[in-house]
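Colleague: Since the structure of chain L is provided, determine the placement of chains X and S on it from the hints.
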Amino acid sequence: MSILGTRVLRTEDPKFLTTGGEYTEDLVDDRLAGAAHVFFVRSPVAHARITGIDLHAARATPGVVAVFTAADLTDVDPISPLPGYTAGMTQTLLASDTVRYVGEPVAMVVVEDPYQGEDVLELVGVDYDPLPAVVDPREAARDETLIFPAAGTNTVINYGGELDEHLFDDCDVVVTRTIHNQRVAPAPMEGRAAAAVWGEDGRLTAWIPNQGAQGSKATLAKMLGLERDRVRVITPDVGGAFGAKFGADPEHALVAWVARAIGGPARWSETRYENLLGMTHGRAQVQTVTIGGSRDGRVLAYRLEVLQDAGAYPRLGAFLPSLTRLMTPGTYDFAKVESVARSVVTNTTPIGAYRGAGRPEATAAVERAMDLFAAEIGMDPAEVRRCNLLAPFAEPHRNGFGALYDSGDFPAALEKALEAAGYDKLRKEQAERRARGDVVQLGIGIASYVEITGGGGESGPPNENATIEVHPDGSATILTGASPHGQGHQTAFAMLASEALGIPVEKITLKWGDTDLVPRGGGTGGSRSLQQGGAAVRQASQELLDLARERAADALEADAADLRFDVSRSAFTVAGVAQAAVSLASLASTERLFVHTVFTAPGATFPFGAHVAVAEVDTETGQAVLRRLVAVDDAGTVLNPLLAEGQRHGGIAQGAAQALLEEVVYDAEGNPLTASFADYPFLSATEVPSFELVDMATPTTYNPLGVKGIGEAGSIGATPAVQNAVIDAVAHLGVRHIDMPTSPRTVWRAISEEGNRG
Amino acid sequence: MRVEITVNGSSRSDDVEPRLLLVHYLREVCGLRAANVGCDTTSCGACTVLLDGVSVKSCTVLAVQANGRSVTTAEGLSGVDGQLHPVQQAFRQEHGLQCGFCTPGMVMATVGFLAENPDPTEQEVREGLEGNLCRCTGYHNIVRAVLSAAGRLSAPGESPDAVAAPRELSAAGELSAAGELSAAGER
Amino acid sequence: MIPSRFEYVAAGSAAEAVDLLRQHGDDAKLLAGGHSLLPMMKVRLAAPSALIDIGAIPALSYVRVEDGQLAIGAATTHQVVSTSPVVRAQAPLLARSAGLVGDPQVRHRGTIGGSLAHADPAADLPMALSAVDGRLVVLGPSGQREIGADEFFQGYFETALAPDEIIVEVRMPVRPDQPWGYQKFTRRANDWAIVGVATVAGRVALANMGPAPVRARSTEQAVAAGATATEAARLAAEESDPVEDMHADAPYRRHLARVLTRRALIAAGVPA
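Residue numbers (our numbering), protein chains in the order written: chain L, 1 to 758; chain X, 1 to 187; chain S, 1 to 272.
If you're looking for bench data, these hints aren't it; they were derived computationally from the structure. Being a predicted model, the structure only gives us computed values, none of them experimental. There could be a bad hint or two in this list.
Straight-line distance between alpha carbons at most 20 Å, and here's what the computed SDA-like set of lysine to any residue pairs gives [to be verified]: (1) K15/L to G82/X; (2) K15/L to G79/X; (3) K507/L to R92/X.
For the chain S half of the interface with chain L, some residues (derived, Cβ under 8 Å), not all of them [said to hold, decoys possible]: (4) R187; (5) R188; (6) Q221; (7) V243; (8) M246; (9) A248.
Even glycine gets a Cβ: it sits at the ideal position worked out from N, Cα and C.
Chain L on its own, in the form it takes in the complex:
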């Protein structure tokens, strides 16, 4: 019986359930004995010149090891923007003469006792001369107040060309709307942290929670002006990341810098306040959708214009609209599609990747557009989608923006979701409630989505490496360049190796995240781990068997071709000779038995699906409640349904959270209003129901496992499905659109403004 496709319980769990994971803040290591603790002075204003810093009292306090400002960082360079971005938008590790967002690090105090840190922060005096703050990206795009005068503009980068003013000429119906895909905080339960020490050999060892140690190492080395071989990054257990723990932040580099400056280990662990201000945020697009077609439901043209808020210092966030563009048409077969984007800086926290990173934004836009079009022509939203979905395709399909969908059946996904939801019955109940004029109305929201996963590696086509070693005691170790932070890689990869090598899952250990042990790797993000990392494990298993077969042939003095691998015994046998067998373990005891391999995929894969959300809205208060979420998420073959379901649940919850609740809010002066979990409405268990998952698996040919990436899919479908459901609940009152999050006040305002209430 194959173990693949079964619900294997995680081998990781006993530790997490008993003594707990070992996160960076938990580390007890001889190398960190006596570590000093770093605390950051952060700007309380969004845009200002620093006119003075008074460190006197702080430095004079017993227990303070050191206090540093930008003036001390003479041996490090500013961080330059990525190629392609407007030059001149540089960030120094500590703000030197200008601060550009609330929370920007300005100074560091280093103390012996972590309990003293906040006491000493209060003693540091910084004088700020405020500058006008630009918070709204539309204002930033006008270039009236420049955030980087030297750059001459607030625009970081543009994507796409000229718009065709005749795009909608042949459309009987055209609808256009500006919608907001609001700024959210990734807010993993574990914030950012770092621990660092320099060896006698001048090498840096840094422990950082990250999504790929190799990438973090490269970024750290660059920030510190070091050759890469001078840096070792070790990845402790990571308490969630969701895209925001790639590479390294200035604080990580600064902790390492402090360790060198004080000649001893240094550590840092951020508070939630720092995390909500200092970790990169996600989404933050202003989108204008224009959709046109004929009254029979056929969409003839669709245009998406994106204004991306990049935050104060352009990072990955400024690039993400190019991914939005890539996925503009989604699952649809529109005759004409246009997409342009611009990223601008504002006096807010920089934007980075957040679960889906640019692709959820595309789906959210087109799904809103489809509902707007449906409302305009008075057609059922499911029907309008049926009229326009791409037909199932046998050959990979080019979407016109450079994406090559490997496999997909979008209409089938939609029908499955609608059927599982009982769509017709829901519409009937909705009609009954409307006829009665119930206070609590029902809304049904639909989203059809396709998304891109498993994109390119560090360079070149998508790839990942794996090393497998079988030990004399019959256990095995896998080294991977992927980087788990909750997904269950150890169990999944062990299943693959176990299937091939006949070694029990419990006897297979996965290692990752130490750049001295695994020098190459693409990390975990973009839902790549199983399709590339897992494929590499499978490939390595087979190559190990090939190697072992040769050695077994020698050991058994037989022809390699006469050998059979008996998985149940993890041993090679000679056909027809029962006693002649040699196990992998015994081969390993004569000579180390390991293989290193690199799996290369032909390209990215495209999981897809459809979500149906059912919401209730109290039309007197505007309160919206999600009652049901039915999800079809097709990411190809499912290796471990338990793990796949978990990823879907988590993605759906985050997607629903964005639709219903979460938003990072700044006031007009750039002061954050949601810098704690009391104010930032992080989803709790009472705001979502249990989810209804429907199975569908359309394999890909891009890897031997047939798998695509599942990690982000849930969040892509759920957001527009839930948003559409809330709007649908009050559509009969004349409401065509409600921006996310659909807070009670926002919903009530939409209802009242339509003035159709009895």
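Modeller: Using the frame of chain L, we list chains X and S on its own:
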């Protein structure tokens, strides 16, 4: 000042400063680091432990307030031989943890919750865990784990309440359950 | 995340606590469950020089009925108040209110006295106390006195307590057979109310509609004069002075007050 606290069954005597939070007493003084600090505002519950048998957020209890009392942490739940407590086992069985950061607090909150409500409905479980935040699981499997530990679970993979039955509305026609509190008198 | 330094002393009785308050001066604060005070100290919005712990005084934690009054010790936790069969029978509105404070862990520590002394107008218990016509029994250097709910809450986090006084008991009339209504409108289950309404025996109190719990007197008078819940609720916001914040502006708060008051009144037996 001196505090005498029983931690996972063992009596301890330590000198602490008054402002030492119980969570840091457990982590730094006792070396029990399963409980995590996940927020600044008593919101997330990652630090949840049992204090004299009831769940508390140890980040909002001073160690000095625990003087003379007993504390149980996740480390103290499992058997001497490492055997998982039924709640821990249920979390494993139902895949109620991913990154694990919220897990010790979630498990302790569950132990405390089930002690007070041994036979909960799904809605009661969700409300019972409103003080514990999780970013990874979407709560679905956590709810299953709690119901499993309480002996009330349906088939694998299903949502515990299966496909939604029509919701009951009160006389005034308001929403009930899930984030919206119903009219007076009901519980 | 870490409070500023302070001195700590545990009091063995209410009288001792009063004495200690006097000794330590205005900069000292009482600590019961600490779930209003410690969160403020952890973000350094409060930095008392001394904490006087009354959380472990057994004589301050009790629930009893005497002379037609329900008497609850000030250091009784929300968990006890909300699950006590006596409270649930004699003052079910209060039990409900206490059961909605925060989350279970918070309710295991937070106390009725602490919550009332904290006097957050958005919180559950101040509104509930006003609705049930509760009184606080307060001990100071010159002895004991009683303060009615409406007199007690004076503004944002401001009460009629003198710096050297401590709440020892909360009292209210028993009303075992009176229908009551309680509405708490939040975005997430364990948030503070955006607007709250509590009503029993002809009194209507609102949370987060002003710097202290607001008695909706126009509504009360209308009900007393025979108005329906719908008619009376239209006046719910008359006495309010609601603020604008991230969750709601004043017009929306007033609207919610009217909608929620109507629902609460219906539950309390007022004809729709």
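Colleague: Holds or violated: the hint that Q221/S contacts chain L, with Cβ atoms closer than 8 Å.
Modeller: Since the shortest Cβ distance to chain L is 24 Å, the answer is violated.
Colleague: Hey, does the R188/S contact hint survive, CB to chain L under 8 Å?
Modeller: Because about 6 Å separates R188/S from the closest Cβ in chain L, which is inside the 8 Å limit, the hint holds.
Colleague: Is the straight-line distance between the alpha-carbon of K15/L and that of G82/X 20 Å or less?
Modeller: holds, 10 Å
Colleague: Mind checking the CB of M246/S against every CB in chain L and telling me if the closest is under 8 Å?
Modeller: Because about 5 Å separates M246/S from the closest Cβ in chain L, which is inside the 8 Å limit, the hint holds.
Colleague: At a threshold of 8 Å, is the proposed contact between V243/S and chain L supported by beta-carbon distances?
Modeller: For V243/S, the interface hint is violated, since the closest Cβ of chain L sits about 14 Å away, which is over 8 Å.
Colleague: Would you settle whether the hint for R187/S is holds or violated, based on the nearest Cβ-Cβ distance to chain L being less than 8 Å?
Modeller: Where the cut-off is 8 Å and the nearest Cβ of chain L is about 6 Å from R187/S, the hint holds.
Colleague: Classify the hint on A248/S as holds or violated, based on whether any CB of chain L lies nearer than 8 Å to its CB.
Modeller: holds, 5 Å
Colleague: Within 20 Å, alpha carbon to alpha carbon, are K15/L and G79/X?
Modeller: OK: K15/L and G79/X at ~14 Å, within 20 Å.
Colleague: Hey, K507/L versus R92/X, does the alpha-carbon distance stay inside 20 Å?
Modeller: holds, 18 Å
Hints 6 and 7 from the earlier list are contradicted by this structure; the remaining hints agree with it.
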